[in-house]
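A.B. asks: Starting from the given sequences, assemble the full structure and let the hints guide the process.
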Amino acid sequence: MTDTATPSAPRTTADEVSRGMTDLEQIKRLKSRYFRYVDTKQWDEFRSLFTDDAEVDTSEAIVDPHGFWDGGRLPVVTPDAMTTALKARMTGVFTCHHGHDPEITFHSEDRASGVWAMEDIVRRPAGSELASFHGWGYYHEEYRKVDGEWRFTRVRVARLHVKQIDHFPAKD
Amino acid sequence: MTDTATPSAPRTTADEVSRGMTDLEQIKRLKSRYFRYVDTKQWDEFRSLFTDDAEVDTSEAIVDPHGFWDGGRLPVVTPDAMTTALKARMTGVFTCHHGHDPEITFHSEDRASGVWAMEDIVRRPAGSELASFHGWGYYHEEYRKVDGEWRFTRVRVARLHVKQIDHFPAKD
Amino acid sequence: MTDTATPSAPRTTADEVSRGMTDLEQIKRLKSRYFRYVDTKQWDEFRSLFTDDAEVDTSEAIVDPHGFWDGGRLPVVTPDAMTTALKARMTGVFTCHHGHDPEITFHSEDRASGVWAMEDIVRRPAGSELASFHGWGYYHEEYRKVDGEWRFTRVRVARLHVKQIDHFPAKD
Chain A
338 MTDTATPSAP
348 RTTADEVSRG
358 MTDLEQIKRL
368 KSRYFRYVDT
378 KQWDEFRSLF
388 TDDAEVDTSE
398 AIVDPHGFWD
408 GGRLPVVTPD
418 AMTTALKARM
428 TGVFTCHHGH
438 DPEITFHSED
448 RASGVWAMED
458 IVRRPAGSEL
468 ASFHGWGYYH
478 EEYRKVDGEW
488 RFTRVRVARL
498 HVKQIDHFPA
508 KD
Chain B
338 MTDTATPSAP
348 RTTADEVSRG
358 MTDLEQIKRL
368 KSRYFRYVDT
378 KQWDEFRSLF
388 TDDAEVDTSE
398 AIVDPHGFWD
408 GGRLPVVTPD
418 AMTTALKARM
428 TGVFTCHHGH
438 DPEITFHSED
448 RASGVWAMED
458 IVRRPAGSEL
468 ASFHGWGYYH
478 EEYRKVDGEW
488 RFTRVRVARL
498 HVKQIDHFPA
508 KD
Chain C
338 MTDTATPSAP
348 RTTADEVSRG
358 MTDLEQIKRL
368 KSRYFRYVDT
378 KQWDEFRSLF
388 TDDAEVDTSE
398 AIVDPHGFWD
408 GGRLPVVTPD
418 AMTTALKARM
428 TGVFTCHHGH
438 DPEITFHSED
448 RASGVWAMED
458 IVRRPAGSEL
468 ASFHGWGYYH
478 EEYRKVDGEW
488 RFTRVRVARL
498 HVKQIDHFPA
508 KD
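Chains A, B and C are the protein sequences, given in the same order. In case it helps, my numbering puts the first sequence at residues 338 to 509. In case it helps, my numbering puts the second sequence at residues 338 to 509. In case it helps, my numbering puts the third sequence at residues 338 to 509.
Hints were generated in silico from the structure; no laboratory data involved. No experiment lies behind these values; they were computed from the predicted model shown. There may be inaccurate statements among the hints.
The list treats identical chains as one, so a pair stands whether inside a single copy or across any two.
As the list claims (entries may be wrong) - In silico lysine to any residue, SDA-like type, Cα no more than 25 Å apart, as pairs:
1) Lys378 to Asp447
2) Lys482 to His437
3) Lys378 to Gly404
4) Lys482 to Ser469
5) Lys424 to Gly404
6) Lys378 to Pro402
7) Lys500 to His477
8) Lys424 to Phe405
9) Lys500 to Arg448
10) Lys424 to Ser445
11) Lys378 to Glu392
12) Lys378 to His403
13) Lys500 to Phe405
14) Lys424 to Leu367
15) Lys424 to His403
16) Lys378 to His477
17) Lys500 to Glu486
18) Lys424 to Glu440
19) Lys378 to Thr442
20) Lys424 to Asp407
21) Lys500 to His444
22) Lys500 to Asp484
23) Lys482 to His471
24) Lys482 to Asp503
25) Lys424 to Asp447
C.D. replies: What follows is the structure, encoded as structure tokens:
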């Protein structure tokens, strides 16, 4: 092995289940890939994590309930629209999204929901008209198992706090 | 499904165990709820995570071993006292507590202990006499399974570093 | 139980496996100990997490792909050399390393690889000639099970972003 392959198309084998790759872990890994694909800008891979009928609700994503930040309320969109929007906004931007301390609940064989704590950073180049910020909050999500693989059917993000940060410094 | 229900009173079913909701995962979820209940200020739910005879030791919580911060040493308290103190201190305050990289050890059928890395932020409104700070450290914990549900019997937090941060800006 | 023992030499028992301490969880715990041993400066314990023939590749560790930071490219080293270097550089320094959102893939009974998101802080005392910084990126890793215990055979860290931060303030 020369290096660690990026697990871009992981499929769970029977062996993996016996080793601990349960439904619960598969859902956690789904979320891990969500974050990694955003932050490494792998947009086709990002899109593939959602069912076609999924909803992405970012209406509370960048509105600080303490009243110090209002980045605007975005509409509920499809995964296609979300992927297109991220691709357009995030080029040349450093982003970091981390998920923590999940609470996953199973509702049936192929349905589950979850809450994840999150922290994210969006830092833009000097001169950008959009703000750079640091945020903290929660993802509220729903999942469906389709053809043996868990996917997002709904993602809602609601931050508790957003703080403006500096853009990248200008390069001389 | 219109939205994700907040899993305020999750109980583990046999199905959930087969899906991966083992004792280990139940302890992780206990800690996830601990953090979420503090940061969303759900105090009754927070209290319910502890046994009545539990101890909460925050004597090293806000004392920086590097010697740059001494927020005072607090006594070891009961879960009731801890809940009351948090409720009084945290109203109108943004808090964020995240747990990372747990190491859980089982000692018997119904006893376990664990170490969690942590990061937290406490940011208060402009004018507050108490400090706003950002901290990093560890939780050292003990758990007991009571009536099929894991609860905290001891929580000790010891930070490695504490940094003062700005209060929220004043609103005009 | 007076306090939580530091799990410095955990061994997995059959009971632990039935409770959820699968191969997957053992690998997660390996990484948890990696972080804790660095940040609490337990160097012999840190060294013990690697096989003797392991590689540690930090060549991309402190080089910001956005071009704002170049901390120098370090060579690929042995675990012995890595441990010695950390011990020499980290005395009196606050470090915090957290791993998030792992993606572990099993390749055989005793081989696995993984990707972890990470965030770290290295904050040095006032007057230090080395920089203090805050970083975000990924670990790309390989693991081998030796005598029933998972160990690192390769660790590569590649940051996405590095930001310089202040040293500790001077003590009067």
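A.B. asks: Now look at each hint and say whether the structure bears it out.
C.D. replies: Cross-check of the supplied hints:
1. Lys378 to Asp447: Classified as neither: same-chain Cα gap 29 Å, cross-chain 32 Å, threshold 25 Å.
2. Lys482 to His437: Both: 22 Å inside a copy, 24 Å across copies.
3. Lys378 to Gly404: This pair counts as between: shortest inter-copy Cα distance 18 Å, intra-copy 31 Å.
4. Lys482 to Ser469: neither (36 Å within a copy, 43 Å between copies)
5. Lys424 to Gly404: between (29 Å within a copy, 21 Å between copies)
6. Lys378 to Pro402: Classified as between: cross-chain Cα gap 14 Å, same-chain 29 Å, threshold 25 Å.
7. Lys500 to His477: within (21 Å within a copy, 30 Å between copies)
8. Lys424 to Phe405: Answer is between; shortest inter-copy Cα gap is 23 Å, intra-copy 27 Å.
9. Lys500 to Arg448: neither (35 Å within a copy, 41 Å between copies)
10. Lys424 to Ser445: For Lys424 and Ser445, the Cα distance exceeds 25 Å both inside one copy (34 Å) and across copies (37 Å).
11. Lys378 to Glu392: within (20 Å within a copy, 28 Å between copies)
12. Lys378 to His403: between (31 Å within a copy, 14 Å between copies)
13. Lys500 to Phe405: Both ways: Lys500 and Phe405 sit 8 Å apart in one copy and 22 Å across, limit 25 Å.
14. Lys424 to Leu367: Cα proximity of Lys424 and Leu367: one copy only (20 Å, versus 35 Å across).
15. Lys424 to His403: between (29 Å within a copy, 18 Å between copies)
16. Lys378 to His477: both (22 Å within a copy, 17 Å between copies)
17. Lys500 to Glu486: Intra 36 Å, inter 38 Å, cutoff 25 Å: neither.
18. Lys424 to Glu440: Classified as between; 23 Å across copies, 29 Å inside a copy.
19. Lys378 to Thr442: between (29 Å within a copy, 22 Å between copies)
20. Lys424 to Asp407: For Lys424 and Asp407, the Cα distance is within 25 Å only inside one copy (22 Å; across copies 27 Å).
21. Lys500 to His444: Neither: 36 Å inside a chain and 42 Å across chains, both beyond 25 Å.
22. Lys500 to Asp484: neither (41 Å within a copy, 43 Å between copies)
23. Lys482 to His471: neither (33 Å within a copy, 38 Å between copies)
24. Lys482 to Asp503: neither (41 Å within a copy, 45 Å between copies)
25. Lys424 to Asp447: neither (30 Å within a copy, 39 Å between copies)
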